[in-house]
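Chains as they are written, first to last, in numbering that gives the first Met the number 0: chain S, 0 to 431; chain X, 0 to 1014.
Misleading hints may appear alongside valid ones.
Unchecked claim - Once the Cα atoms are required to be at most 20 Å apart in a straight line, the calculated DMTMM-like pairs of lysine to aspartate or glutamate come out as:
#	chain 1	residue 1	chain 2	residue 2
1	S	K2	X	E909
2	S	K304	X	E557
3	X	K974	S	D303
4	X	K148	S	D102
5	S	K80	X	E557
6	X	K281	S	E116
7	X	K168	S	E329
8	X	K718	S	D422
9	S	K413	X	E456
10	S	K113	X	E909
11	S	K413	X	E909
12	X	K507	X	D215
13	X	K144	S	E116
14	X	K974	X	D990
15	S	K283	X	D111
16	X	K931	X	D990
17	X	K144	S	D314
18	X	K144	S	D287
19	X	K281	S	E43
20	X	K154	S	D287
21	S	K315	X	D621
22	S	K144	X	E773
23	X	K809	X	D705
24	X	K974	S	D422
25	S	K413	X	E719
26	X	K911	S	D422
27	X	K436	X	E456
28	X	K550	S	D422
29	X	K905	S	D287
30	X	K589	S	E43
31	S	K315	X	E557
32	X	K589	X	D621
33	S	K315	X	E760
34	X	K638	S	D178
35	X	K269	X	E557
36	S	K144	X	D705
37	X	K276	S	E329
38	S	K144	X	D881
Hints are computed from structural coordinates only; laboratory data are not their basis.
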Amino acid sequence: MAKLNIDRGTRAFTRKSKRYSIFSIAKNAASYHQKWQQAWRHAEPKSTYDAVIIGGGGHGLATAYYLANIHGITNIAVIEKGWLGGGNTGRNTTIIRSNYMWDESAAIYEHALKLWEGLSQDLNFNVMFSQRGVLTISHSEHELKGMSRRVHAIRLNGIDSDILSPSEIKKLVPTINIDPNIRYPVMGGFIQKRAGTARHDAVAWGYARAADELGVDIIQNCEVTGLRRNGNQITGIQTTKGFVKTSKVGCVVAGHSSIIADMANIRLPITSRPLQAIVSEPIKPILDTVIMSNAVHMYISQSDKGEMVLGAGVDKYNSYAQTGSWTIPEHMVAAAIDLFPFLSQLRMLRQWGGIVDTCPDASPIISKTDVKGLYFNCGWGTGGFKATPGSGHVFADLIANDRPNPIALPFGLKRFETGYLIDEHGAAGVAH
Amino acid sequence: MNRLLSHRISSNGAVIDRQKLVHFEFDQKKYTGYEGDTLASALLAHGIHLVGRSFKYHRPRGIFGSGSEEPNALVRLIGDKSSEPNLRATQIEIYDGLIAESQNRFPSLKIDFLSINNVFRRFFPAGFYYKTFMWPASFWMFYEKLIRKAAGLGKLSKKYHRPERYEHKYAHCDLLVVGSGAAGLQTAIIAAKSGARVVIADEQHRFGGWLLTDNDFNINQIPAASWVHETVKNLQSAPNVTCLSRTTVSSMMDDNFVIMAERVTEHLGKKDMLLPKQRLWKLRASKVILATGAIERPLVFSGNDLPGIMLSSAIRTYINRYDVLSGRRAIIFTNNDDAYFTALAIHKAGGFVRCIVDLRVNPKSQIITKVRKIGINILAGHAVIAAHGLRHIASVDIAKYNSGKQAPTSSILHMDCNLLAMSGGLNPVVHLHSQRKGKLVWDERTSCYRPDNKSDEWVSVGAANGTFELERIFIEATKIASTTIMKLAKENNKIKTKELVTVPQIDKDKQNWTPLPTWLIQAGQPHVSDKTAFVDFQNDSTAADIKLAVKEGYSSVEHVKRYTTTGMATDQGKTSNINAIGILASCLNKSIAETGVTTFRPPYTPVSLGAIAGRNIGGLFDPVRKTRMHSWHQSNGAKFEHVGQWMRAWYYPRDGESFQQAVNREVYATRHYAGLLDASTLGKIEVKGPDSAEFLNRVYTNNFADLPIGKARYGLMLKEDGMVFDDGVTTRLAEDHFYMTTTTGGAAGVLSWLEELLQTEWLDLRVYLTSVTEQWSVASLSGPNSRSILTACMSENKNITDDFPFMTMKKSFIAGIPARIFRISFTGEMAFEINVPARYGAALWSHLMKIGKEFNLTAYGTEAMHVLRAEKGFIIVGQETDGTVTPHDLDMGWIISNKKSDFIGKRALERKSMNEPQRKQLVGLLTADPSKVIPEGAHAVLDPNQEMPMEMLGHISSSYYSPNLKHSIALALLKGGLNRKGQTVYIPMLDGQQPIEAKIVDPVFFDKKGERLRG
Ligand SMILES: Cc1cc2nc3c(=O)[nH]c(=O)nc-3n(C[C@H](O)[C@H](O)[C@H](O)COP(=O)(O)OP(=O)(O)OC[C@H]3O[C@@H](n4cnc5c(N)ncnc54)[C@H](O)[C@@H]3O)c2cc1C
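Chain S with its partners taken away, still in its complex shape (with noise of 0.2 Å):
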């Protein structure tokens, strides 16, 4: 598994007058929160930029932050065609690990995983990263075996993951349901205490507040619509707002990866369907470990907030629209029931779906193209929200010194062509 230092910057959060803390909170409280000062400019484009990013998701503001702390690189915009955060940042189910099986994704997940150890402090923004630790269930003898081959490999990376027997689940989710009997009985596990879930709009939020800090522009509500270059090198970029000029633009746009793909004549190998997820009722804490289950495709944690937060896996048919099918929500409930009976008392308050944009071996798009100065980040899929520290971290490098690090390297476009893919579908059928 390749490993990397990890470089976290100089440039800290500077400006003292804005720095947060509990003194910032009791001073402001004192004059009323008269005084709190914008987390971000609402900044407008400028003509020209050393670079440019577009999406305004927390790969992308993961990107320009690490471009200007890290590579000195501030005269940057990032360019957002809704809200900051409003596209699968702000939908996710935020599960947080770095439990790969395969050397490459444990390379990448464990680099984010370190990076969001101590996130809040580098950014200065509470992104509530809480390693409660994320446990999946096997529920076969087939299954036991493929969670075996998991944690010997998840161990031997350096990694930490432990298996647990049944009995050892149960003390440590009481809530669980370990009868023998039922019909996907919990057989055993393996849990990775390091792993956890964060608030995501606070990521795209702390990040924004941060790269914005060192000059980074960060521009909503403009939409990127064509790009443009002379010959083969990108010369700018045309927006709802007008041209604008820059040599190298970062594409971290999710779903809609293809659409900005195809304004460059490229074609990504990237499906995009729905992922949907529901959250129940708030109630007092009853489940603090993220449980997930790749045989009955389903997997639940409770929020700070006290809300039941359950995923499943993606829509069977490609589409942009943000809702997906019922039968999803259906199965997801009925597969949790049987582990969490008390769930039958709850009620489902909201459900929604985002675009994710997956790749035929189910890991992600971090590349230079075949046009210079484009580079695109993309195909994370059902889980890269974990990514985002490390994605971002990657990939500024990328966009700075025009050549993968060994942690980005395996994950270049050229892999749909000469084979070296590296396939998560079999490792992870749920791979949140």
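Assemble the complex: chain S is given as a structure, and chain X with the ligand must be docked to it using the hints.
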């Protein structure tokens, strides 16, 4: 102590039955109410307003509304088997023995320790979590624990319990009418007479909607209540109409696929064995008419959350439907005419209306004149700028108010009261329209968002459409009903289009429907008063929070919502969203239309998870498949394992045998005598049609076109990426007829994949596929004695076994049962797979076991099968493969035809990476210690002492103790494995034990030449 009736007024034809007393309990105290009461109306009848604490500041909160819009009155219902939290008291119908409890308070409602949060409110502005708890970094988990404890609303019962019964129902109709108010009833009755199949649903327990509250007038010369009664009776007796009360239409999806939750018995309090608690309808409607009415907006001013402050419409509803007067000294605060009807109702009910505070400077209309005549004091151009009280409203501050400047313009008038009715105008219920991605338009005249009504599939009518005058509602409903029916009739000639109903005439006091929009009443120092001016009551978000969000740049509607959590509570912003947008718009100096709305996500009101799952839980979640021999396995002590949906016999322990002992015995017996395996679970597909051979040629890597009739061949199937997808033996039964077998777990996937190819890629091929997995029972007889046993079992043609070459098929009879017998082997022994029509499976099995007895026949399970095939180095798809393994990786290059021009996966196999010498390849492993069995899934390394992360060669895919070789054996996929034979590898253990040492060898451990199998 009779505390009954203190706020009950004399009856005037409401929805309760005063003959039927109901006993219930709230917070350990006993109360009574009447049948038809909601928990809210029954508590109000006892003068109880305070029923809950708010989410964040734990402020005391009272009953606020009268239906699903209620943000405050959330309670927990406690049953004997379970308890349901967060239910709205305004929607719970009481029954004898009901036990309810308030939530989010400790130790009691009156004294709640966490109300300390209210004192330090100033330190918890919107978004404060994001700004603190960051130091020291390691403490977040600790802080978070406290935050989690404080958050959440209701509690669940810890008791394990069986889920109650819920069921699903599927239905179709021509027209779904949602809502049974004036608009809904009028459209439904017209549709009913057209002969169309109509479903009308309403979430309340009685039809009538707003006409149940306001019915002090005549419709077509009869009292409004009687008109409702007549109309409902007509609907109920129409055979083509389904009337569903207590039914919430919660989601509306593409093509009018509608989810409705019907509360069937939960309002009865007792279980009915035959009926479910709730029924979830999945309805497909050609057209939908949304007559979902409107919800009143509160007004936002300091202290507006005190118990005793209610929506004006709710107060009127409690009086007119439940005979409950919520307070006797009332003040009305309004920006529109509707609240004047509440004033009249309070007055009529014997309450004292101290004054009406009207934001409008010079309000005029028929109803205002009427109220004035009664002598109620109207303070026009005034506002309530603050409300005071400890746990209940006690007084208000009133001042002249300039809505434009957002400031009071006079000195303050104090007035005491115990009830404040507030009315800020109406919001059409547009949720379902929005769920279908319908657009909203801001209507300046009525100050509300209403649907654009541009769809052909659904249409909003009446108050849901922003039409509030009853006369106009009836006209609009009649017109929309007629046009909808016209459209339906085009597709269905049984539907009559003749208009059969005329527009009802009414005599109701006229009112003015233009409110004076005033989103926030500011007074004194706004930054102080804003802090207690609540917008979202349940989530405790205030005007100050919204202003702070804007100040900090969180100024798009979605950011405001997320930063302040406005509209994210369990009422999903029914009373708060538009006020929040109004305040936001004025902060941004934008119009409301420019500011925009947040999306309404389904469901309309929370839907029980139990109902969503319905009966698809427990054994019905995913049915277990059992073979016809299952009961034999069971009575012979088999242990089972799940393989896909199947239960397969895993091993058959005899008295006192351990797992390993049993497996060793089965493996040994099969190699030395004979073994019998239930192989019925293998996938079986009939491939038929003139192009079948060509089809198989394309889906398998090897050639099938030249397969002679009666012969069988093993095939590998790849996906387009060149990776092994499935394997199995296919036999040619006739020129155009093949019998394909697949892996047990892969059967459904293979059939879907083949169908996809036929239906989307190769439309020219005439091939038909049928799954026959369930049609055949299969017993696999293998071992040196298998031929003798087979011969002994034959009813006729006993001699066919004499000339029965490997990889052929013969038809015969065994114990009189017609059978297809395949001479194929997965154990490496001489073996016969005997297929009989499924229903003879058990008979075949018993017969074989009986006859086989003298030949030492032993039943063996899947574990022994795994060992036997591993001794032979045979792969199992899904164990030796995982979607990343090519035939070359398995050293099975021989199965790839060079002659065929194409097959699926051929192109992918030519990619650069496919010839990479460092690919993971299948090898065998022999442990240095013959008794040490490597755990499957473990990984091999060359140097066990290297640092983490280790350089891994690959993993152990299969590993067993081989009783025949008296040695532990394993299969592994290792980087460059084929060239590593003879090398030593180490397998590090998880539990800290020494790594296991093993040698890389050929994967065929036993009978390398395959003599036994052909024998
Ligand atoms: C229901 C659901 C649950 C999920 N659960 C998890 C989970 O538990 N754990 C996990 O790790 N991952 C999860 N994911 C996946 C995760 O959300 C995504 O992989 C990740 O958030 C992607 O981040 P992003 O910044 O790349 O994309 P986004 O947040 O989608 O950002 C892309 C942005 O690009 C903008 N954009 C698009 N086109 C243009 C244009 N032409 N011009 C300008 N801007 C444009 C969009 O408006 C959007 O804001 C889940 C996803 C969903 C939908």
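Verification of the hints:
{"no.": "1", "hint": "S/K2 - X/E909", "verdict": "violated (31 Å)"}
{"no.": "2", "hint": "S/K304 - X/E557", "verdict": "holds (18 Å)"}
{"no.": "3", "hint": "X/K974 - S/D303", "verdict": "violated (45 Å)"}
{"no.": "4", "hint": "X/K148 - S/D102", "verdict": "violated (39 Å)"}
{"no.": "5", "hint": "S/K80 - X/E557", "verdict": "holds (14 Å)"}
{"no.": "6", "hint": "X/K281 - S/E116", "verdict": "violated (45 Å)"}
{"no.": "7", "hint": "X/K168 - S/E329", "verdict": "holds (14 Å)"}
{"no.": "8", "hint": "X/K718 - S/D422", "verdict": "holds (13 Å)"}
{"no.": "9", "hint": "S/K413 - X/E456", "verdict": "violated (46 Å)"}
{"no.": "10", "hint": "S/K113 - X/E909", "verdict": "violated (39 Å)"}
{"no.": "11", "hint": "S/K413 - X/E909", "verdict": "holds (15 Å)"}
{"no.": "12", "hint": "X/K507 - X/D215", "verdict": "holds (8 Å)"}
{"no.": "13", "hint": "X/K144 - S/E116", "verdict": "holds (18 Å)"}
{"no.": "14", "hint": "X/K974 - X/D990", "verdict": "violated (25 Å)"}
{"no.": "15", "hint": "S/K283 - X/D111", "verdict": "holds (16 Å)"}
{"no.": "16", "hint": "X/K931 - X/D990", "verdict": "holds (15 Å)"}
{"no.": "17", "hint": "X/K144 - S/D314", "verdict": "violated (35 Å)"}
{"no.": "18", "hint": "X/K144 - S/D287", "verdict": "holds (9 Å)"}
{"no.": "19", "hint": "X/K281 - S/E43", "verdict": "violated (48 Å)"}
{"no.": "20", "hint": "X/K154 - S/D287", "verdict": "holds (15 Å)"}
{"no.": "21", "hint": "S/K315 - X/D621", "verdict": "holds (19 Å)"}
{"no.": "22", "hint": "S/K144 - X/E773", "verdict": "violated (28 Å)"}
{"no.": "23", "hint": "X/K809 - X/D705", "verdict": "holds (19 Å)"}
{"no.": "24", "hint": "X/K974 - S/D422", "verdict": "holds (16 Å)"}
{"no.": "25", "hint": "S/K413 - X/E719", "verdict": "holds (17 Å)"}
{"no.": "26", "hint": "X/K911 - S/D422", "verdict": "holds (17 Å)"}
{"no.": "27", "hint": "X/K436 - X/E456", "verdict": "holds (12 Å)"}
{"no.": "28", "hint": "X/K550 - S/D422", "verdict": "violated (46 Å)"}
{"no.": "29", "hint": "X/K905 - S/D287", "verdict": "violated (49 Å)"}
{"no.": "30", "hint": "X/K589 - S/E43", "verdict": "holds (18 Å)"}
{"no.": "31", "hint": "S/K315 - X/E557", "verdict": "violated (29 Å)"}
{"no.": "32", "hint": "X/K589 - X/D621", "verdict": "violated (54 Å)"}
{"no.": "33", "hint": "S/K315 - X/E760", "verdict": "holds (19 Å)"}
{"no.": "34", "hint": "X/K638 - S/D178", "verdict": "holds (17 Å)"}
{"no.": "35", "hint": "X/K269 - X/E557", "verdict": "violated (43 Å)"}
{"no.": "36", "hint": "S/K144 - X/D705", "verdict": "violated (39 Å)"}
{"no.": "37", "hint": "X/K276 - S/E329", "verdict": "holds (18 Å)"}
{"no.": "38", "hint": "S/K144 - X/D881", "verdict": "holds (12 Å)"}
Violated hints, listed in ascending order, are 1, 3, 4, 6, 9, 10, 14, 17, 19, 22, 28, 29, 31, 32, 35, 36; each of the other numbered hints is respected by the structure.
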